[in-house]
Amino acid sequence: MLLYLLWLLPLFGGVLLWAFGPQLKSWAGPIGAALIGVAFVATVVLWNDATAPGGLHAGLVTWLPGWSFGLQLDRLSLIWSLIITGVGFLIHVYSIGYMDGDRAFARFFAYMNFFVFAMMTLVLSDNVIGLLVGWGLVGLASYFLIGFWFEKPSAVAAARKAFVMNVVGDVGIMFAVFMIVARIQSIGYADIFAHFQQAFSPTALFLVCLGLFIGCAAKSAQIPLHTWLPDAMEGPTPVSALIHAATMVTAGVYLIARFAPLWSASADARELVGAIGGLTAIAGAILGCAQWDIKRILAYSTMSQIGYMIMGVGIGAYDAGVFHFFTHAFFKAQLFLAAGIVIHALADEQDVRRMGGLWKQMPFAFVAMLVGVLAISGVPGLSGFFSKDAVIYGALESGHPWLYAVGLVTAGITAYYMFRLLFVTFFGAYRGNVDQSDLGIRHPELAGTAASTGHRSDEEEPHHHAPAWLMSVPVGILIVPTIAIGWLDAWPGAPWRQFFAGFFPRVNEAAVAAPFSETISTVLVFVVVVAGFAIAYVRYGAPAALRDAIARLRTETVRMPAVLVNAYYFDAAYDALLVRPARVLGGWFDRFVDPHVIDAGVREVAITSQWLGHLFRSFQTGLVRAYALSIAFGVLCIVAYYAYAFAFTGSGR
Amino acid sequence: MTVTALVLGPILAGFLLYAVPRDRARVATVLAALVAALTFVLAIADAHAADASLRWLSRPFAASFHLGLGPISYWLVLLLSLATFGGALALSGPRARNVAAQLLILQGAMNGVFLAKDVLLFALFWDLMLIPVFLVLIEAGPHARSAWKYLIYNLAGGLALLLATAAFGVVAGTTDLIGNPNAHVVIGATWGGWIFAGFALAFLIKTPVFPFHTWMPDTYADLPSSAVAVVSAVQSKAGLYGFLAIALPFLGEQMLQARTLMFVLGTIALVYGALAALAERDAKRVVAYSSLSHLGLILIAIFSGSPLALQGAVVYIVAHGLFSAALFLTLGAVEQREETRDLTRLGGLGVRNPKLAGALMLGALAALGLPGLAGFSGEILILTGIFENGFVWPAIVTLIAIVLASAYMLRLFQGIMNGPELPDLPERRDMTWIEGLAIAPLVAGFVLLGLNPAPVITSHATITAAENTRVVGSR
Numbered sequence: 001m002l003l004y005l006l007w008l009l010p011l012f013g014g015v016l017l018w019a020f021g022p023q024l025k026s027w028a029g030p031i032g033a034a035l036i037g038v039a040f041v042a043t044v045v046l047w048n049d050a051t052a053p054g055g056l057h058a059g060l061v062t063w064l065p066g067w068s069f070g071l072q073l074d075r076l077s078l079i080w081s082l083i084i085t086g087v088g089f090l091i092h093v094y095s096i097g098y099m100d101g102d103r104a105f106a107r108f109f110a111y112m113n114f115f116v117f118a119m120m121t122l123v124l125s126d127n128v129i130g131l132l133v134g135w136g137l138v139g140l141a142s143y144f145l146i147g148f149w150f151e152k153p154s155a156v157a158a159a160r161k162a163f164v165m166n167v168v169g170d171v172g173i174m175f176a177v178f179m180i181v182a183r184i185q186s187i188g189y190a191d192i193f194a195h196f197q198q199a200f201s202p203t204a205l206f207l208v209c210l211g212l213f214i215g216c217a218a219k220s221a222q223i224p225l226h227t228w229l230p231d232a233m234e235g236p237t238p239v240s241a242l243i244h245a246a247t248m249v250t251a252g253v254y255l256i257a258r259f260a261p262l263w264s265a266s267a268d269a270r271e272l273v274g275a276i277g278g279l280t281a282i283a284g285a286i287l288g289c290a291q292w293d294i295k296r297i298l299a300y301s302t303m304s305q306i307g308y309m310i311m312g313v314g315i316g317a318y319d320a321g322v323f324h325f326f327t328h329a330f331f332k333a334q335l336f337l338a339a340g341i342v343i344h345a346l347a348d349e350q351d352v353r354r355m356g357g358l359w360k361q362m363p364f365a366f367v368a369m370l371v372g373v374l375a376i377s378g379v380p381g382l383s384g385f386f387s388k389d390a391v392i393y394g395a396l397e398s399g400h401p402w403l404y405a406v407g408l409v410t411a412g413i414t415a416y417y418m419f420r421l422l423f424v425t426f427f428g429a430y431r432g433n434v435d436q437s438d439l440g441i442r443h444p445e446l447a448g449t450a451a452s453t454g455h456r457s458d459e460e461e462p463h464h465h466a467p468a469w470l471m472s473v474p475v476g477i478l479i480v481p482t483i484a485i486g487w488l489d490a491w492p493g494a495p496w497r498q499f500f501a502g503f504f505p506r507v508n509e510a511a512v513a514a515p516f517s518e519t520i521s522t523v524l525v526f527v528v529v530v531a532g533f534a535i536a537y538v539r540y541g542a543p544a545a546l547r548d549a550i551a552r553l554r555t556e557t558v559r560m561p562a563v564l565v566n567a568y569y570f571d572a573a574y575d576a577l578l579v580r581p582a583r584v585l586g587g588w589f590d591r592f593v594d595p596h597v598i599d600a601g602v603r604e605v606a607i608t609s610q611w612l613g614h615l616f617r618s619f620q621t622g623l624v625r626a627y628a629l630s631i632a633f634g635v636l637c638i639v640a641y642y643a644y645a646f647a648f649t650g651s652g653r
Numbered sequence: 001m002t003v004t005a006l007v008l009g010p011i012l013a014g015f016l017l018y019a020v021p022r023d024r025a026r027v028a029t030v031l032a033a034l035v036a037a038l039t040f041v042l043a044i045a046d047a048h049a050a051d052a053s054l055r056w057l058s059r060p061f062a063a064s065f066h067l068g069l070g071p072i073s074y075w076l077v078l079l080l081s082l083a084t085f086g087g088a089l090a091l092s093g094p095r096a097r098n099v100a101a102q103l104l105i106l107q108g109a110m111n112g113v114f115l116a117k118d119v120l121l122f123a124l125f126w127d128l129m130l131i132p133v134f135l136v137l138i139e140a141g142p143h144a145r146s147a148w149k150y151l152i153y154n155l156a157g158g159l160a161l162l163l164a165t166a167a168f169g170v171v172a173g174t175t176d177l178i179g180n181p182n183a184h185v186v187i188g189a190t191w192g193g194w195i196f197a198g199f200a201l202a203f204l205i206k207t208p209v210f211p212f213h214t215w216m217p218d219t220y221a222d223l224p225s226s227a228v229a230v231v232s233a234v235q236s237k238a239g240l241y242g243f244l245a246i247a248l249p250f251l252g253e254q255m256l257q258a259r260t261l262m263f264v265l266g267t268i269a270l271v272y273g274a275l276a277a278l279a280e281r282d283a284k285r286v287v288a289y290s291s292l293s294h295l296g297l298i299l300i301a302i303f304s305g306s307p308l309a310l311q312g313a314v315v316y317i318v319a320h321g322l323f324s325a326a327l328f329l330t331l332g333a334v335e336q337r338e339e340t341r342d343l344t345r346l347g348g349l350g351v352r353n354p355k356l357a358g359a360l361m362l363g364a365l366a367a368l369g370l371p372g373l374a375g376f377s378g379e380i381l382i383l384t385g386i387f388e389n390g391f392v393w394p395a396i397v398t399l400i401a402i403v404l405a406s407a408y409m410l411r412l413f414q415g416i417m418n419g420p421e422l423p424d425l426p427e428r429r430d431m432t433w434i435e436g437l438a439i440a441p442l443v444a445g446f447v448l449l450g451l452n453p454a455p456v457i458t459s460h461a462t463i464t465a466a467e468n469t470r471v472v473g474s475r
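Residue numbers (the numbering used here), protein chains in the order written: chain A, 1 to 653; chain B, 1 to 475.
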């Protein structure tokens, strides 16, 4: 019963706030947050049932034999549920402050609650189509929230792009569903895992994994389906924190961990997914170094960190990958929320070049951001340190030295761009009143400057009447796990490892002897991280750099390599290879083939047959009713003929 | 009794509606909606209604005025009454009374098509259902040209159908065969090909399928939205129903021979329609081309010979009816307010018309196959079925079309509702409760069917299984 409640409560909230938003007014926020809080409590109450052997089950509907839908809460979905409702609750509370005064305040919370429902559907389903339903619905919630300020064309375009790219992922999962149902005749996880080894040849198994991974890549912003994520930052900042950092974008990690038996059985799938994860980690990190919009820096960092997670689960280090999701949810949410405080205080300014020296005005945001930066960089003792180390070393243990090297280098780059963000934003002198061209900003509308955001409120003035604690308390609470949660997985036999002991299948390969121990690896990672920090310090944090920050920023902006500014030209390539050809072809069908080829062909046939031509001409009397009458008359004639012919020539044989 | 009432009742009511004075349009439309609602209730209440049968002719072949509710026609009758209900309620303007009357006549004629258990009767109702649409097009449409295009195309199909029916009757000895589980009619190779070709031509034009589709965008664009909601929701399904009810049981061998051709046509329709919808600027024509795409998929499903795909086809037939009717009614409401359907001239309506935006969003989501709504449940069943039967490429092409569908449906929605408010558009009030009432049953339908299509699946599972054994058995 409680499981149904946990699942449906956020849906109830979404519908309630959507339908009665105008009546609820400012109550919409607290109600939406409270419902998610209750869902969190329900998840905690269900802990014992979920961790019992086999987990908790509840049936829903059956379409056909083999197509049964139900809910299931086991250890893996429990972890995700805790993050979705727990971090989700904090972000809801934060949003009450952040979205205060927006004229669609209730609609915002309706969408947020709906998102939580969709995400719970995804992780609670006990079958692959239920998962696909959740997968599609989170995509929809993401679409709604990216395009929340829908009067702004860039937000509208970003929302559509995110949705369409995610449908590419849905379609990949659909392909996997075809393969599974065709061979196993069932959509339930239990049946799939029980029978897949007999049902699939290695090639077929690889294709199933490939289909599932296309879904992961789209949802979790893995190359080459990542381009929607930076654009998704058009949504309000709490959305970026909840959906595009902590929960939805990590659904790909969930999917692979959920289908761990399949991955463990397919070495090819592991190679592919590990490689893509590693590639995404390093490519995203490099792009993170080239951004000026505070949210886009964090977006590329999210992409890079999910690359780590995907790499982890892809190569078979499932609990390490899931642990990195777990810690990342806290520190990345915190980074986004801290960035949100800054953006909010600066009236929607997002360009870090126009910030600087903010630690004096916003010490709390500074501390929160600092802790987040330390955690994501992997400073020993903080949460990111443990999880990232586990993933990187997992690559070595599973016999992927190249991925290990990629993970190592990426750790250094991560430290570099995160400290770059910190120094440019909080140190030196405030540059918000500096002329944009002095900073090298040529296209403010592309750079996330205040002029381009769509935050609409009823009042003329920026609003400041929501109590500040609504935004700072959630951030303050998140600081605790950001610092400490990593210790859950700090030693052999730590709680996290016990929690997942025996849960994930082992990879069926002889363990490769790692060339050096985890301690040496940790030291190595630390050295690289310090190097990344040092470069960032010299370039942005040192007294000399701070003194002529304006000139340096202008130089860097102007000299930024085009390949990085254009994010490796993925967008341009998709536009040239797919979007425009489809438009042109469609336009040609619509405006040329239909009227001038097919219709013309039909006309030719009609005209060349003179008899028809004469017939039509003589019928074109212009009298509408005459036309109608002639048709009715024709039909009647047929009926009458039969009736006459057979009524009088005797019925029956 | 019930089945006869379902056919003759609306037709009679339609003629009676002309007695309502022209200027009391609201009375006429509400009455028409009531009649449609009544047929809905009647069909549900008497779902196992006895057949009505009257021997009609015996030579050269036996034929009867034979009506009965089959498992597929049951859902089509329900769908039709919902679409007619919504269409009638949403009517307004000076011609509302006449269009409402024609909608009822159309409903009766189409009920005749779906309830006919005699092929000849089916063919007669088939031609009859052209007339109300033609009259509405002539009376309320802006171009007489599209009315004629509609009529000529569909009469050509009707003629082919009539000839094929006559030949079928002569060869089989009787046309009183639809839905008869004891009918063991095998049409031999001599005539089978020609008979099938006649049926197929009629069905393909009606659906329509590439390359017989060019009448459709014109018709859909020019018909008042209320009428196009009914035509696109239900009349377009008559051809598909024909394949299911006539071709599948009696011409299985010929269907097997035509499979490759139909797969090619269906696949072309899928992609062609999707791409054209992506480029089209007229909102109604976007949905028209999307129908071309979606119905191509159903055609593939019907010819795949997979029981799962056939069940999915029926689900998708009903689903497409529900969401396309909802989409056209919503677009009608938009057009009525803004006096244009041009996506390049519309924009930003969502600010002042949130309810209208919500309705359009729901329809668009169902159409693009959002998991959880009816379009998805039909698609996944169909695709799994055809994939299971070994037809990998049609399934993969469909997956591409699904991605395109999300692109053109969002383009449609965003083009109308999102973006900055345009100063030169008239500001009109949001959706009225009566417009909401017209669309609500359709939305409820595609939500429920998306959650659980089992009622539609199980009610005809036995039939499809039986029909399928013939197709597969003759392989």
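Hints in this document: simulated from the structure, not taken from any laboratory. It is possible that part of the hints are untrue.
Claimed, not checked - In the DSS-like style, the derived pairs of lysine-lysine whose C-alpha atoms are separated by at most 30 Å in a straight line are:
#, chain 1, residue 1, chain 2, residue 2
1, B, K149, A, K152
2, A, K25, B, K355
3, A, K152, A, K25
Results of checking the hints against the structure:
1. B:K149 to A:K152: 42 Å, violated
2. A:K25 to B:K355: Distance of about 17 Å is within 30 Å: holds.
3. A:K152 to A:K25: Holds. K152 (chain A) to K25 (chain A) sits at ~24 Å (cutoff 30 Å).
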